[in-house]
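Q: Chain by chain, the residues run as shown.
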Amino acid sequence: MSTPYQASNTGLFAPQRPRQPEAAKVAHAKPLQVPPKAEPLLTLQGVETHIGAYHILHGVDLVVPKGQLTMLLGRNGAGKTTTLRTIMGLWQASKGRITFNGQDVTHLHTPQIAGLNIAYVPENMGIFSDLTVKENMLLAARQASRASQMDEARLQWIFKLFPAVEKFWNHPAGKLSGGQKQMLAVSRAIVEPRELLIIDEPSKGLAPVMINNMIDAFQQLKASGVSILLVEQNISFAKRLGDTVAVMDNGRVVHAGSMAELATDENLQRDLLGLTL
Amino acid sequence: MNNLDWKPLALVPLLALAVLPLIGSTSIWVTLTVAGLAMGMIVFIIASGLTLVFGLMDVLNFGHGLFIALGAFVATSVLGAMGDWTNSDQWLMNLAAVFPAMLVAMGVAAAVGLAFERFIVRPVYGQHLKQILITMGGMIIGEELIKVIWGPQQIALPLPEAMRGSLYLGEAAVEKYRLLAVGVGAVVFALQLWVLSRTKIGLLIRAGVQDREMVESLGYRIRRLFVGVFVVGSALAGLGGVMWGLYQQNVVPQMGAQVNVLIFIVIIIGGLGSTGGALIGSLLVGLMANYTGFLAPKVALFSNIALMVAVLLWRPQGVYPVANR
Numbered sequence: 001m002s003t004p005y006q007a008s009n010t011g012l013f014a015p016q017r018p019r020q021p022e023a024a025k026v027a028h029a030k031p032l033q034v035p036p037k038a039e040p041l042l043t044l045q046g047v048e049t050h051i052g053a054y055h056i057l058h059g060v061d062l063v064v065p066k067g068q069l070t071m072l073l074g075r076n077g078a079g080k081t082t083t084l085r086t087i088m089g090l091w092q093a094s095k096g097r098i099t100f101n102g103q104d105v106t107h108l109h110t111p112q113i114a115g116l117n118i119a120y121v122p123e124n125m126g127i128f129s130d131l132t133v134k135e136n137m138l139l140a141a142r143q144a145s146r147a148s149q150m151d152e153a154r155l156q157w158i159f160k161l162f163p164a165v166e167k168f169w170n171h172p173a174g175k176l177s178g179g180q181k182q183m184l185a186v187s188r189a190i191v192e193p194r195e196l197l198i199i200d201e202p203s204k205g206l207a208p209v210m211i212n213n214m215i216d217a218f219q220q221l222k223a224s225g226v227s228i229l230l231v232e233q234n235i236s237f238a239k240r241l242g243d244t245v246a247v248m249d250n251g252r253v254v255h256a257g258s259m260a261e262l263a264t265d266e267n268l269q270r271d272l273l274g275l276t277l
Numbered sequence: 001m002n003n004l005d006w007k008p009l010a011l012v013p014l015l016a017l018a019v020l021p022l023i024g025s026t027s028i029w030v031t032l033t034v035a036g037l038a039m040g041m042i043v044f045i046i047a048s049g050l051t052l053v054f055g056l057m058d059v060l061n062f063g064h065g066l067f068i069a070l071g072a073f074v075a076t077s078v079l080g081a082m083g084d085w086t087n088s089d090q091w092l093m094n095l096a097a098v099f100p101a102m103l104v105a106m107g108v109a110a111a112v113g114l115a116f117e118r119f120i121v122r123p124v125y126g127q128h129l130k131q132i133l134i135t136m137g138g139m140i141i142g143e144e145l146i147k148v149i150w151g152p153q154q155i156a157l158p159l160p161e162a163m164r165g166s167l168y169l170g171e172a173a174v175e176k177y178r179l180l181a182v183g184v185g186a187v188v189f190a191l192q193l194w195v196l197s198r199t200k201i202g203l204l205i206r207a208g209v210q211d212r213e214m215v216e217s218l219g220y221r222i223r224r225l226f227v228g229v230f231v232v233g234s235a236l237a238g239l240g241g242v243m244w245g246l247y248q249q250n251v252v253p254q255m256g257a258q259v260n261v262l263i264f265i266v267i268i269i270g271g272l273g274s275t276g277g278a279l280i281g282s283l284l285v286g287l288m289a290n291y292t293g294f295l296a297p298k299v300a301l302f303s304n305i306a307l308m309v310a311v312l313l314w315r316p317q318g319v320y321p322v323a324n325r
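Protein chains in written order, with the numbering used here: chain A, 1 to 277; chain B, 1 to 325.
I should point out that these hints are in silico values taken from the structure, not numbers from a laboratory.
Cβ coordinates follow ideal geometry from the N, Cα and C atoms, glycine included.
Fair warning: there could be bad hints in the mix.
What the hints assert, rightly or not - Partial list, derived from the structure: chain B residues whose beta carbon lies under 8 Å from chain A:
(1) Leu196
(2) Lys200
(3) Gln210
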């Protein structure tokens with residue numbers, strides 16, 4: 001079935017129905033499904049997060065399997081970004097448990113969590129605009145104190161994935177376009193081998209050709225055995241990349257399962273997302 | 001560091017050249033300009049640490065003046081005990097007295113800075129109003145402790161023998177100590193520039209000033225970095241206190257609070273968190289204070305505030321605004 005979203009290929013979630021009734025319907029109509037059987041790398045159990053007086057996450061249950069790409073979908077305000085920030089310790093969980101490789105990381109500080117080989121790319125990309133592209137990369141390469149100490153073979157691989165990073169190597173990162181910044185942000189996340197990449201809306205604001213580059217890059221990363229947790233609003237992007245999917249609404253995961261299953265079940269898509277993929 | 005915005009750099013020579021016709025005499029202008037640059041460099045030494053402390057952790061430390069006073073008073077004790085060396089007319093003997101005094105002052109200021117961060121600043125991270133109140137309170141307590149140790153009266157801090165007097169450039173008299181101050185300030189700036197642009201610690205500081213959350217997400221403990229910057233900033237304030245005391249040739253327990261006003265004007269002009277901006281701001285403030293002190297002494301106190309207002313009208317976030325703030 002064709003939808004305006006498919007026709008425009010923008011894939012942006014744009015709820016056309018009132019939000020609350022939809023959320024209530026989803027929460028009751030669709031019990032949480034068991035994710036595919038793979039060894040879990042990251043697990044969230046009943047995670048709740050408060051930001052000031054606001055109760056944002058209401059008991060998130062999520063499993064990111066090893067070696068797979070997990071898409072975290074949901075409407076604006078569903079709690080996706082808060083979930084990522086809570087995983088990274090940027091906001092502390094007020095309840096629940098987060099484990100990574102079996103280790104409880106719920107109350108660890110952000111640098112400790114990053115030190116477990118988890119890379120995070122926030123929605124705003126977190127580029128240091130006053131630093132050059134090279135300096136941005138060097139900061140992410142924790143083992144290197146000089147650019148010459150960065151892993152050359154890995155850099156060449158990154159340059160092949162994202163040629164702009166090499167082209168603008170000595171340029172201030174602040175002068176890059178939005179798409180180039182996004183490529184730099186992802187490059188920075190993979191400049192050293194990581195077990196888990198957590199990326200918030202990598203396709204946001206990108207031209208279609210750049211989205212294709214990004215998809216190629218994630219497919220290569222996935223093939224290299226890296227586990228990835230992606231928040232995404234671009235449906236086409238999610239469909240092409242995701243192995244497993246979790247859909248959030250109202251601060252909870254309301255559906256978890258395989259991406260293929262969600263991509264083929266139009267009723268499920270309508271129930272969960274208010275549109276079809 | 002790249003694609004440097006040159007406009008703010010032009011402000012210093014523009015200000016200097018603009019007042020030349022008003023002063024009339026080139027020799028007086030040279031004397032005032034060197035005095036202004038010397039004062040500016042001393043102020044820069046003090047302000048550079050404070051601006052990074054603010055940029056890195058959003059901490060408003062109104063107690064920075066304590067380290068200035070502490071450095072100056074420590075210097076009175078060290079130099080007082082080295083009378084034979086300071087009374088010598090040999091430059092080497094004088095320097096051999098002044099440099100240890102600077103090192104001891106920096107060490108004491110750094111140690112007190114470490115305690116100040118731990119017990120006064122750390123409990124109020126992220127709470128600006130409390131930061132202002134408690135750091136001012138800390139400075140007041142520090143001043144009282146200085147009075148207990150050194151007494152409440154003004155203490156003379158005479159220049160060592162060989163550093164007194166002037167050199168003559170044509171008809172212009174340039175005090176030797178002011179040239180030394182310019183030299184020390186230039187060395188401190190060059191060192192800071194090297195650390196900030198050529199070392200990973202410097203990269204982390206620059207990145208942390210822009211987006212400390214992202215630095216933490218990359219796996220670095222920014223609080224440790226902040227403590228390091230706070231301690232180095234305190235040590236630099238101690239060094240600045242020695243230089244300021246020698247510049248004024250006397251010290252009083254309240255000197256830190258007096259200099260604090262200039263420091264805050266400087267870091268606001270420069271852009272909070274910007275080392276390069278602090279240098280431009282310091283030089284402008286030093287030159288302005290000396291020029292107006294000569295041309296219109298009655299408005300000298302107001303002149304730096306007017307300068308700050310003028311700069312903020314041009315660039316509301318200071319001459320070199322730091323990203324993400």
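Q: Confirm or reject each hint.
A: Each hint, compared with the structure:
no.	hint	verdict
1	Leu196	violated (11 Å)
2	Lys200	holds (5 Å)
3	Gln210	holds (5 Å)
In summary, the structure is inconsistent with hint 1 from the numbered list given earlier, while agreeing with all the others.
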